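Chemist: If you're matching them up, the sequences are chains H and A in order. Start counting at 1 in the first sequence, then tack on 1, and there's your number in our numbering. Start counting at 1 in the second sequence, then tack on 1, and there's your number in our numbering.
Just so you know, the hints here were simulated from the structure itself, not pulled from any lab data. Fair warning: there could be bad hints in the mix.
Heads up, the list lumps identical chains together, so a pair's fine if it works in one copy or across two of them.
[Said to hold, decoys possible] Straight-line alpha carbon distances no greater than 20 Å define the calculated EDC-like cross-link-like pairs of lysine to aspartate or glutamate that follow:
id, residue 1, residue 2
1, K55, D161
2, K259, D310
3, K163, E41
4, K259, E30
5, K35, E234
6, K55, E162
7, K222, D310
8, K135, D202
9, K259, E162
10, K315, E194
11, K259, E41
12, K307, E118
13, K163, D57
14, K135, D161
Nothing here was measured: the structure is a model prediction, and the numbers come from that model.
Number of protein chains: 2
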Amino acid sequence: MINMRYFCSMFENQERTEIDQLGEFALIEHLTAKFQLENEGIIVPLGDDAAVFKSDENTVYSTDMLVEGIHFDLSYVPLKHLGYKAAVVNISDIAAMNARCRYLSLNIAISNRFSAEALEEFYAGFSLACERYKVTLIGGDTSASQSGMVISVSAIGYADEKRIARRNSAKENDLLIVSGDLGGAFMGLQVLEREKAVFVDNPEIQPDLEGNDYILERQLKPEARVDIVEMLEELGVVPTSMIDISDGLASECHHIAKQSEVGIAIYEEKIPIDPMTHSRARDFELDPTTCALNGGEDYELLFTVKQEDWDKIKGNPNMTAIGHITDKNSGLQLITQSGNSHPIEAQGWNHFSSEDEG
Amino acid sequence: MINMRYFCSMFENQERTEIDQLGEFALIEHLTAKFQLENEGIIVPLGDDAAVFKSDENTVYSTDMLVEGIHFDLSYVPLKHLGYKAAVVNISDIAAMNARCRYLSLNIAISNRFSAEALEEFYAGFSLACERYKVTLIGGDTSASQSGMVISVSAIGYADEKRIARRNSAKENDLLIVSGDLGGAFMGLQVLEREKAVFVDNPEIQPDLEGNDYILERQLKPEARVDIVEMLEELGVVPTSMIDISDGLASECHHIAKQSEVGIAIYEEKIPIDPMTHSRARDFELDPTTCALNGGEDYELLFTVKQEDWDKIKGNPNMTAIGHITDKNSGLQLITQSGNSHPIEAQGWNHFSSEDEG
Numbered sequence: 002m003i004n005m006r007y008f009c010s011m012f013e014n015q016e017r018t019e020i021d022q023l024g025e026f027a028l029i030e031h032l033t034a035k036f037q038l039e040n041e042g043i044i045v046p047l048g049d050d051a052a053v054f055k056s057d058e059n060t061v062y063s064t065d066m067l068v069e070g071i072h073f074d075l076s077y078v079p080l081k082h083l084g085y086k087a088a089v090v091n092i093s094d095i096a097a098m099n100a101r102c103r104y105l106s107l108n109i110a111i112s113n114r115f116s117a118e119a120l121e122e123f124y125a126g127f128s129l130a131c132e133r134y135k136v137t138l139i140g141g142d143t144s145a146s147q148s149g150m151v152i153s154v155s156a157i158g159y160a161d162e163k164r165i166a167r168r169n170s171a172k173e174n175d176l177l178i179v180s181g182d183l184g185g186a187f188m189g190l191q192v193l194e195r196e197k198a199v200f201v202d203n204p205e206i207q208p209d210l211e212g213n214d215y216i217l218e219r220q221l222k223p224e225a226r227v228d229i230v231e232m233l234e235e236l237g238v239v240p241t242s243m244i245d246i247s248d249g250l251a252s253e254c255h256h257i258a259k260q261s262e263v264g265i266a267i268y269e270e271k272i273p274i275d276p277m278t279h280s281r282a283r284d285f286e287l288d289p290t291t292c293a294l295n296g297g298e299d300y301e302l303l304f305t306v307k308q309e310d311w312d313k314i315k316g317n318p319n320m321t322a323i324g325h326i327t328d329k330n331s332g333l334q335l336i337t338q339s340g341n342s343h344p345i346e347a348q349g350w351n352h353f354s355s356e357d358e359g
Numbered sequence: 002m003i004n005m006r007y008f009c010s011m012f013e014n015q016e017r018t019e020i021d022q023l024g025e026f027a028l029i030e031h032l033t034a035k036f037q038l039e040n041e042g043i044i045v046p047l048g049d050d051a052a053v054f055k056s057d058e059n060t061v062y063s064t065d066m067l068v069e070g071i072h073f074d075l076s077y078v079p080l081k082h083l084g085y086k087a088a089v090v091n092i093s094d095i096a097a098m099n100a101r102c103r104y105l106s107l108n109i110a111i112s113n114r115f116s117a118e119a120l121e122e123f124y125a126g127f128s129l130a131c132e133r134y135k136v137t138l139i140g141g142d143t144s145a146s147q148s149g150m151v152i153s154v155s156a157i158g159y160a161d162e163k164r165i166a167r168r169n170s171a172k173e174n175d176l177l178i179v180s181g182d183l184g185g186a187f188m189g190l191q192v193l194e195r196e197k198a199v200f201v202d203n204p205e206i207q208p209d210l211e212g213n214d215y216i217l218e219r220q221l222k223p224e225a226r227v228d229i230v231e232m233l234e235e236l237g238v239v240p241t242s243m244i245d246i247s248d249g250l251a252s253e254c255h256h257i258a259k260q261s262e263v264g265i266a267i268y269e270e271k272i273p274i275d276p277m278t279h280s281r282a283r284d285f286e287l288d289p290t291t292c293a294l295n296g297g298e299d300y301e302l303l304f305t306v307k308q309e310d311w312d313k314i315k316g317n318p319n320m321t322a323i324g325h326i327t328d329k330n331s332g333l334q335l336i337t338q339s340g341n342s343h344p345i346e347a348q349g350w351n352h353f354s355s356e357d358e359g
């Protein structure tokens, strides 16, 4: 459940301690104190020049940056949710290799607009995700910035080499499977943007978020599908390729198609869309399929399996077959209910295209 | 040698391609194309959700953020040097555990003030350091920012568990050793700041950097002392504690003293200071010892060894014994040439203390 008290009032009515009152080293010690930093693999925990920990044979490593004003808008994203999401999107990248995340590091640069309490909120969310996903914090840096907030997270995980699923190994006739449902995070964002616009026009009006819990949670508190990685292992299935849906189904399909040198056919009617996503898309006069194809941040897993593995997956409520791999020359095609075929354009984010120097 | 053509003119007279002309994915592909991305340990190189690589038993991991206007000033730091330094400071953190860096990742957020060519310069420097230190790039993200440049680098290395040197294990009577010489990077910064001030007053005057090569290089193109890590192994010495000098000798001594619960005595006359550092400090009416104690960014290694290991190190021109570990109650003391004892204050950077929202 989204905590509405944060909405549009994050910097009001809160206790405020200036970050420089604490000093840099004390601040980092304070913020990391609540983390569960010990686990059996840790030889040197954070607080030294580097952390040292036991490693399995194959390290899976990913890193990602989130920039205020580009990737998130603090006028409607509570800092605690942002902290949770910053951890989850990186855990999701490790899951997208069919691997398990074990360690995270967190660097933040923030301006003095933020209080120590605000930073604590962010860390509380990050810490919650670490607990939830059984991941240990092994490092990080907190620095001043001249303006805004920049977050950089790295994730370290492990996998058996035989189970690793890349983007470049989908084969013709493989089935295309997606976990969960799509487009919800995007519709949640539309609701938040609408209420922000109302608030900017008239700060007296309270945001109307009633009845949108599911899609708001999809946007503000996404989860990484580590359960799918576990299920696939239990089912004895190794995906022939895999990616997580951060930029949108269309964009991720383009990555798999390009790197695997294949084409993909998706059946429109098979794309899983939650009724709330569908209904809200109609309210906004948007096409639900377009929302599912191009709305990012669902953090579901998109993967391909051999036809012969279908029997192991069939009927699993967490996974939906939405299409199959075709030959390279066929490109990416959406097959509509009426049987027509339309090429799918990738409309992933180009963060550089519309931003101006602040 | 510092390339003076960059000085104060980095954004002039250069070919300029807007970053958004390339698009985000194409940009990252373009920038990483020149890196040596294959090595025998790499199973999945960058370009997937995560990289996968072979791991030794003990992973040594460190991460660090560099923020424009806080950690660097692009009016006199050439982007190629900045790229080189961003890699080196992280390689140095791994060396400070008495370990060897094998992989780096690089995240950058930049505003549209920067051209694709400027970003290429930065990457060229980073790539040069990767080649020089035989380190493989395993990941990274390039994002827009609303203003300025933020760099986040992570480093992964390996070490035999028995050779790892922490900060918390110095023992009374151990000798305190430092590599190279100190204060040079700080004096280089003073020269750059002076010439920047002259330039701001009168842009017609060319910067006068003659005769300052060594200290400018200490500031703009520091090296990580991986050679010391190798030497210590060849000499059969495991330091009882170790740290790299990023914030200044005094600050690093405080870290060792605090974490090891010991005191430290440093002999002023033993602190290695290059003649150019000494001479320039006098020109600026600064005390050379204070520059060596509190001027950071030398990236030398500071470590302690057992007395019985002294014979193995004695006479090595790369290492100087500057003091010894005392009991906790003695605190940190500087012993002057006349034999007087003065407490050493830590004056490390507090980046939060003097910055305003831009």
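Chemist: Compare the structure with each hint and give your call.
Modeler: Here is how each hint holds up against the structure:
1. Proximity of K55 to D161 under the C-alpha cut-off of 20 Å is found in both arrangements, the shortest distances being 16 Å within a copy and 11 Å between copies.
2. Taking identical chains as interchangeable, the C-alpha atoms of K259 and D310 are never at most 20 Å apart, the minima being 24 Å within one chain and 58 Å between chains.
3. Proximity of K163 and E41 under a CA criterion of 20 Å is satisfied inter-copy only: 18 Å between copies versus 25 Å inside one chain copy.
4. In this assembly of identical chains, the alpha carbons of K259 and E30 lie at most 20 Å apart only when taken from different copies (13 Å versus 45 Å within one copy).
5. Taking identical chains as interchangeable, the C-alpha atoms of K35 and E234 are never at most 20 Å apart, the minima being 33 Å within one chain and 37 Å between chains.
6. Taking the shortest alpha-carbon separations for K55 and E162, both the intra-copy value of 18 Å and the inter-copy value of 10 Å come in at or below 20 Å.
7. In the homo-oligomer, the alpha carbons of K222 and D310 never lie at most 20 Å apart, since the shortest distance is 32 Å inside one protomer and 55 Å across protomers.
8. For the homomeric pair K135 and D202, neither the shortest alpha-carbon distance inside one copy (43 Å) nor that between copies (56 Å) is at most 20 Å.
9. Neither within a single protomer nor between protomers do K259 and E162 lie at most 20 Å apart by alpha-carbon distance, with minima of 23 Å and 42 Å respectively.
10. Taking the closest pair of Cα atoms, K315 and E194 never come within 20 Å of each other, the shortest separation being 38 Å inside a single copy and 67 Å across copies.
11. Proximity of K259 and E41 under a CA criterion of 20 Å is satisfied in neither setting, with 41 Å inside one chain copy and 25 Å between copies.
12. In this assembly of identical chains, the alpha carbons of K307 and E118 never lie at most 20 Å apart, being 50 Å within a copy and 44 Å across copies at closest.
13. For the identical chains of this complex, K163 and D57 are neighbours both inside a copy (14 Å) and across copies (18 Å), given an alpha-carbon limit of 20 Å.
14. Taking the closest pair of Cα atoms, K135 and D161 come within 20 Å of each other only inside a single copy of the chain (19 Å); across copies the shortest separation is 27 Å, beyond that limit.
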